[in-house]
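Trainee: Spelled out from the first residue to the last, the chains are:
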Amino acid sequence: MTGRRGVGAAAVALAAVAAAFALMGGQGLAVEVMEVVAGADGPEQVVLDAALYVPAGVSADEPAPAILLAHGFLSDRFAVDGFARDLAADGYVVLTWSARGFGASGGSIGLADPAREIADVSALVDLLAVRDEVVRDGSGDPRVAIVGASYGGGTALLAAAAEPRLDAVVASAAWHDLAESLAPNGVADGPPGILAVGWTSTLFTGSGLTSSLEGLLGNQGAVPVPAGPSEPPDPCGRFADEVCDLYLDAAVRGTLTGTYPEVLQRASPAGRLDAVVAPTLLLQGQQDTLFDLEASRRNAAEIAVGGAPVRLRWVPGGHGTVGGGRPTPMMRDEIDRWLDRWLDPSGAVGDDGLTPGGDRHEPVVPFTWTDEVSDVVRDHDHLPHAGSTADLGTEPDDGLGPDPNVGQRSWVLSADGRLVADADVDGGPLAGARSILSPAGGQPAAVSTLPGTGGLAGLLPSVDIPGQHVNFVTEPMADAVTLLGPPRLRLLLDGDADEIRLFVKLYDVAPGGGTILIQRSVTPVRVVDAPADVDLELGDVAHRLAPDHRLRLTIATTDQAFANLTEPAVVTISADPASSLLRVSTVPTTPAGGIGLPGAAVVVLAAILLLAVVIARRRRYRPAGYGAVDLPGDAPPIAIRGLTKRYADGHLAVDDLDLTVEAGQVVGLLGPNGAGKTSTLRMLLGLSTPDAGTIQIFGHDMRSGHPVLHHVGALVEGPGFSPELSGLTNLQLYWRAGGRPMEEADLPWALSVAELGDAIHKPVRTYSHGMKQRLAIAQALLGRPALLVLDEPTDGLDPEQIRGMRQLLARLGDEGHTVLVSSHLLAEVEQMCTHVVVVQRGRLRAAGPVAELVGTTQTVVIEADDRRAARDVLRTHLPDSDIEVSGAGLAVTLGTHDAADAVAWLVAAGVRVQAVTPRGTLEDAFLSLTGDQP
Amino acid sequence: MIVELLRQLRRRRTKVGLIGIAAVPVLLAVAFVLSSDGDGRGGNGGDPTGLFSLATASGLNFALMSTAATAPFLLLAVIALFTGDTVSSEASWGSLRYLLTRPVPRGALLGRKLAVGLLLSLIAVVLVPVSGLIAGTIAFGWGDVQTPFGVLPAATALGRLGVIVSYIAWTSLWLAALAFALSTTTDSAVGAVAGSIVLVIVVQILDAITALGDIRRWLPVHESTAWVSLLATPPRYADLSRGIWLQVPYLVVFLGFAWWWFSRRDVLS
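Protein sequences, first through last, are from chains A and B. Using our numbering, the first residue of the first sequence is number 406, and each one after it goes up by one. Using our numbering, the first residue of the second sequence is number 49, and each one after it goes up by one.
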């Protein structure tokens, strides 16, 4: 029963696992590696290393839409191989390529230069336009989407602005204004900002750049460095000269100078995206410290101005975060649905030349983000609000009108370190100034983020250096407040140096003091003409402040991730109630439940609980005193019918054996080696399963673990004990494993039989073989079982103990116990047993009382005066008989004759006969039964 | 169940396993105190969770580090010991046949053995952070927890530590089930335990081979370090819930096999 249920469960599980793997496994897929010549019209003609993935079933007759899959920075096309295969499995033709300057492609890195990398995309679209496997929307116009993350994401956006033939765009972790990302400045319309040295050096020197968004596209490590290992060190590696010059100059000065506008602006989507016509999905990591939420918000707003469908999705993770290190299925699902919606792999073309694919006519949800406090995904029907210090009039032009849901909260900076809600009149803000030091050499520096090291980034706690920062903290929030969009901050700054560099951060402070750097966002502030009244746009936030949490504004002079000032300086921050103000955009907080326990955990817990309940109920329904069974007086202790067992190796151990043992009998089970004695005992005790036949013990059909075993004591195939435990402990645990109280075991009696003395308290591993054997017999006697099954019980016992055993068995038989003893010592069995069963080759040869079996043979001992003459006489008459010397006489097997014949022959021959005695031994009986069938 | 628990608790391998695993954090604490000049930072090699470099920040930090240090292998080895030798050792001593001649169905016997093996494994998993917490608090004091993501108040961190330990215990179940299944098939206790440990290593190596692509996502150890995201504020659950689900098919297959095999097995040893 249990076995069959187990098989079923295993089969179901195997099927489920197999199905899961089958679903993932690639079916047929052809990968064509090709060299694409591109950039003939640009500054540099290159050969690109590309690969085309054509799924099985796609051909000129059944073309499919195509996807251009762009890889991340410091990587190559192999990094997106896994994702390409996934997309091909969904039915798309996929084209991957190594961007110029990377992998096996030629050329130098131009940072998504329209004349270089973006022109390459057009060349690749041209290539797809002549492939018959790809659906065409018109002559030279393949149906194609571009998908990329990070560098690939920026490439996708710039290509979407330049290449009208693209039909859909997915850009993950892309930038908006590269100058703003590499050298940000929170001052609106301010000078070039502070170089993000951590990130720029990472990007330009290639020390392990990974991110969850690149991970999303299968880019998981395997980062080739731009310069070949055998070449001499070159600070420029494979970068284009103007890019390299820009970096070297910026690295030295800690900000951007010189030619940066031209190089970085041409590589920035900013100002170009209103030309995008393809529906665009923008994914951005909510903890991205390189290309932050603001970049994606501005990209989305620009595309919306141009009128193309756009969806902005903020997801956990991003460049330089840990924890969300792998793409979530949710993100993959988002991308798949976007591509399916706008490309329609089914290939049907509608009347309008567009495809009426999927849910294409459903409205696009413009904006979705994840409330990571509660793990709640929140949809919005407007793009996030840009905010303003003056008022909240600055709306993104998403064509949807003002967002009625956006509210605002404002606090005034107070010189005593408070953020005072401006409605608060009592204990109002204090005017005053706070001064902090900008240390010489820029060290020690505050730690907020660690760029570039992928899964390890952000491992360091956020640390602010005493004397180098100033905090402003709100009162605890009465209710949850959901901040969304860029906070605005107005400050009055002064310093004793011309240039001021500051870093502004917002923390969520829990009641117990735990802090979170919201969005891991640090907004650098660079002012070159102090004193200044600055109007700051801080990095975008998407964060819910729980009730009783506080919002803390921290302004620091240093940050390890940025180029700090090296000249020492003192910076003064004036808290002026009239103008120093922090303002945030808010949206209504959904009534999300506290901690958002994952559904899986709930389900698993419920399943465990259910299982526990089921088990508990099953226990309850067991009859009281489980294991107690009747021992009907009329049923024989052992009744075996037609028992057959063939082992896996084909050996027929037991062959149609019938055997009955009646109550009170002490039965010896005899047979030559390999006769099936032990196999029979194993099946009798439920240790192995018969192939055929029935076994009844006290009338109960035997199976493994049957309750009737309470009344059975056994010694099979020698003793078996835990060697580390004492003999006594072994016996106690053995008995209690049956679920009965120790008092029923009659342990003292069993121990007296074992005769182990103090050794009973010693570990079994110290016992001799004979001691173990006696312990095993004692174990079999626990509870004074009605049926005792003993396999070779005298093995290892000395003669004294063998005699004791004989007496014990006799006593047990007298007391009404039933005993089945197997032994190869025939004399022993003859003395111990009332009955004998002889088996051979798995079959029953004879059964009955010992005396009866012994009497079946006609052996006599003849004592004659002349033994030699007597032997000669007998030999003449009984030529085939065994005649041997036995004591003073001759033992003669008479066969068909009787004793009188023998006496007559001898007397006739003149031999005087002194005595004739019948000799009956079990040995003779056994040999005569088994001997003729060797 | 109680009887089986007593049987296992009195065994030397149980005592050695539990004392040994509890001693590891103590030894680590001594090592950290003795080498107090190095604060552990200095490359991130061998510190995938980022917790080693923060180990000396507080007792709770040390408990977390101890957990992170032992979870990938040492704990799994101890769990394999507790679940892998429970049936096979009885078979090798010959005592299994006597257990089976007790009036207890084989399924119930197996259930007791598994329950006790899992209970001992759970004790081992819990012992590490408890021992780490005690040793760490003595060595480094009580205080808030510095995590790779920021600072957690001690009370919060204690709760999270509880959830982390539960997660580690749950995601080790596949191995417990595997070792248990092996245990029912062999009469060699060493074979079952060592076989399980070898398989753990193989699976971990496979999980490190990025070329395997999506297959890795289905390996039972793939989400085994996802608990690190519980240290973030707010904690993230996406990988965790996947890690929890991921155990289920392996449990069903391994335990289903163990029951199927053991209930039809001829006990010949």
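If you're looking for bench data, these hints aren't it; they were derived computationally from the structure. Since the structure is predicted, the reported quantities are computational estimates derived from the model, not experimental observations. Backbone N, C-alpha and C fix where the C-beta goes; we use that ideal spot for every residue, glycine too. Watch out, some of these pointers could steer you wrong.
[To be verified] Distance windows between CB atoms, simulated: (1) 203(B) / 883(A): 16 to 26 Å; (2) 1257(A) / 242(B): 52 to 62 Å; (3) 670(A) / 186(B): 51 to 61 Å; (4) 254(B) / 434(A): 38 to 48 Å; (5) 60(B) / 1122(A): 19 to 29 Å; (6) 265(B) / 434(A): 52 to 62 Å; (7) 163(B) / 810(A): 52 to 62 Å; (8) 186(B) / 953(A): 46 to 56 Å; (9) 256(B) / 917(A): 48 to 58 Å; (10) 1047(A) / 256(B): 20 to 30 Å; (11) 594(A) / 186(B): 51 to 61 Å; (12) 1248(A) / 242(B): 57 to 67 Å; (13) 993(A) / 254(B): 13 to 23 Å.
[Stated by the list, open to error] Pulled from the structure, derived: some chain A residues nowhere near chain B, Cβ distances all over 10 Å: (14) 441; (15) 490; (16) 491; (17) 1063; (18) 1109; (19) 1160.
Trainee: Which numbered hints does this structure break?
Mentor: 4, 6, 8, 9, 10, 12, 13, 15, 16 and 18
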